[in-house]
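Asker: Below are the chains, spelled out letter by letter.
2 protein chains.
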Amino acid sequence: MQYTDFDKTLVYGKLGALARGGWDFAFTRELDAGRVTRCQTPMAGGLRYSWAAKAVDDRVLALLNELADEQELIAKYRALLDGEILNTGESRKVLHHLLRGQLSKAVMHGGRDLGAFYRAELDRFGAFADAVHGGAIKGATGRAFSTVVQIGIGGSDLGPRALYLALENWALAQGTRKMRAAFISNVDPDDASAVLAGIPLEETLFVLVSKSGTTQETLANELFVRAKLKAAGLDPRKQLVAVTSETSPLAHNPGYLDSFYIDDFIGGRYSASSAVGGVVLSLAFGAGVFRDFLAGAHEADTLALNPKPGENAAMLDALIGVWERNFLKYPATAILPYSQALCRFPAHLQQLDMESNGKRVNREGTPVSYATGPLVFGEPGTNGQHSFYQMLHQGADIIPLQFVGFLESQRAEDVELDGSVSQTKLRANLAAQIVAFAKGQTVAGANRNKEFPGGRPSSLIYGRQLSPASLGALLAHYENKVMFQGFVWNINSFDQEGVQLGKVLTKKVLSKATGDDALDAYSGMLGI
Amino acid sequence: MQYTDFDKTLVYGKLGALARGGWDFAFTRELDAGRVTRCQTPMAGGLRYSWAAKAVDDRVLALLNELADEQELIAKYRALLDGEILNTGESRKVLHHLLRGQLSKAVMHGGRDLGAFYRAELDRFGAFADAVHGGAIKGATGRAFSTVVQIGIGGSDLGPRALYLALENWALAQGTRKMRAAFISNVDPDDASAVLAGIPLEETLFVLVSKSGTTQETLANELFVRAKLKAAGLDPRKQLVAVTSETSPLAHNPGYLDSFYIDDFIGGRYSASSAVGGVVLSLAFGAGVFRDFLAGAHEADTLALNPKPGENAAMLDALIGVWERNFLKYPATAILPYSQALCRFPAHLQQLDMESNGKRVNREGTPVSYATGPLVFGEPGTNGQHSFYQMLHQGADIIPLQFVGFLESQRAEDVELDGSVSQTKLRANLAAQIVAFAKGQTVAGANRNKEFPGGRPSSLIYGRQLSPASLGALLAHYENKVMFQGFVWNINSFDQEGVQLGKVLTKKVLSKATGDDALDAYSGMLGI
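Top to bottom, those sequences are chains A and B.
Numbering-wise, the first sequence is residues 1 to 528 according to the numbering used here.
Numbering-wise, the second sequence is residues 529 to 1056 according to the numbering used here.
No wet-lab data here; the hints were simulated from the structure.
Hints should not be assumed to be uniformly reliable.
Unchecked claim - Covered, in the sense of this in silico footprint (three residues per stretch, anywhere, with C-beta under 8 Å from a C-beta of chain B), are these stretches of chain A:
1. 95 to 109
2. 120 to 134
3. 189 to 197
4. 347 to 354
Yeah, the Cβ is synthetic: ideal placement off N, Cα and C, and Gly gets one too.
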């Protein structure tokens, strides 16, 4: 297996030559029903990936196939599954796939089978959730727990929060939401204060999540919670559980009702499938729902082993993204879910993508001279249509889009107006936007304000309903897409050195050391 | 007054020559305490605009001053205040400033003094809110209203929602939150269904907001609400008020308890200061709080008349943004509030900016060949530090940043850990990030993974506390910034033709017309 900078591959030059050599994609002529039928790839969880409205023709596709081969994307994915160390800067396995199922031989570390370890923790926190739901575990005063509050930040917050919101209405409609969940993340004290003011403290189980056990924001918020519990005469040891690594100060600590473990091989932004997401989601929805979610993700991980990009949606999505980023030179990409339940999913994907691939050195630590991870952002449709879509349609820059949509709503409650129900309107808007972005509109006359240039590429991920399994498939799709892009760019998608400097400077400011620390806290915050 | 495309101005060539001619800004050397003291501008509401960490030196500043003069930014702002028609495509005044106070002679239309009209509506909905709070207006069954739910989308949702969240904890801490507010926006039926399941229907007053009275999503959601009320045996006419224009089908309609009016001169994304934001905010917090908010905005509008960019924060922010967009070629900008209360403020600014200036033709309808409005996105800090900041620090592209922060929290509840309270940690992080982005960090040795290139520009808006007045000042700052940028680019910042094509295609899909309408609804959504 070779690790090669992207611009040192043979196919890099070919792709560049194609893009520069008068290559063009005639959306208006090319995008027809036949292309829509041809350009789609099945995904896990009953989803489909449709790329008919992407600026990709057979020549591009052939080169993207070459790229997948030359950068050995599947071999690298397999090596990662096998627990090989892919990164030179740190000796860390990358094992979030193993949380969802075994796709390799047993991965051993320090004499331990890590797959078995993850399964045992899954069993443990599933049983814990069952005991809470069954009433065997109760609060400090003997009241049943009705509410769970996760305390965490970054990967310990965005993913679990987005997934909870994605399934909350599905579970309510099924009558299977076991507990309401809330989240405290920001070190802004108003965050914890407001959340704590809105919950029944006596019936609330807190899940403290920090892999290292040293995350400043999370420890401050834990203190907030403990102070509140004590002030209410409640014993924090009866109402807090910890999710952490076995080497952290939170592990095996009598200050917690129970503790569940991950290890250093589960990156924060990839930890939603571990106890980091699993404890809160199992408590909220039941252990079975979380297992269904993992099964959807595992199915996606399995499909991602297919070496043919045309049959591997995560790989194809990754390769098309590389074409757009490095050769069509688009600096950003938008995630547009036509599903209110996915309202915070773009924020999680923003973290997943930008924290993984927002890098400027290769895996050896040498700066690269090509573009890497794009800016990722998004809001749900149809809301966005009344907002930033103006710029997407008629702005100066082209921003590639990815739509996500479903045939059915989650709550199955609807009204008919003007001959259609709202869910039908939602889907009609989605289809209309894809075509409007692709084909645009010309106008007669001198005033071209009503002209839409078109040529704005989009893809679509579509399924029957947002459910635990399809949500798992969706999450794993993006994780695998980001992984494949990291392999193409020859970067380490699994570290985050870019967050360190701010931490160091913050500590200096707080320690009130002398000198111009963070420029004397930005000159005493301007004297206010 | 002249309207000139930006690239036809004299200063455009000078700025381009400066940027191309080896211009550079040495952040590490330049950014010192003296520069922080010098490079700040007072704003309304007790806020300060600090631009010390922007890549702007005296030469750039001199040319930005020339630009303000050559494009006659103040004269155009004054013309807009006077009610002159600035736009050629449509004969529409732009009067959102007038909602906050009179900065010009009386603006007349059809024999009516529009300032007086806006003030009268402000008085009317203020009195209505007082009557609801006092119990003179009650629900269909005689119960007092405890909850207000706004039904609207785009400008009728994002601004009012962001402002409500910004002041909710401030009001709770003061003990002056009069009613809880919720919002229904998406045509996804799960949105309305879930919100309605979580409120006390009998005690809920609904505010239906649609200027035209024809917004598809909003009418569908109104129907949802009316059906729910009827099913509960409640009379919708006693629990719904309308905010609309006087010419809409919702106006003077006995189907509503009361109606409050705006007119065609208040654009959706600029309507938070009108009844669109005012009714829900007055109900939630009291009419006095909304007036304080307007006073902060009016103070900002007044300061924005200052012709010297160095003393006019909105204009300077706009001009620096133009320098970054057109000459340093940065395609995006991030809004990073270190305040959980501003969690949805970036989504509102995304709409405000991208819908206003995401244009490719000038005010005459002729395509322009320079970049216009950038991509705008953001999430609160410190959360973002554990997420997408990786890419901001070490990614391939430079993304200019704007931080927002406050000395004090809103709820004044805090805990001390490691010698500092959380609010102090929040501020320390903010200061540390500004310096880290600007100055970066070099490392010894071959592995440059821990290197931060620096040179990533940021500005800061900082104040004592997020309050009604400072929030009004903040909102108006951004509105005026966007306006000034539109003047520089010679575009119409007050239309949104880019949303029309999608609407037309959606209607075709829903009418089931024959032919390839929206490509047969994107080929029957792929057969699922």
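Asker: So which of the earlier hints does this model not fit?
Answerer: The structure breaks hints 1, 2; every other hint is satisfied.
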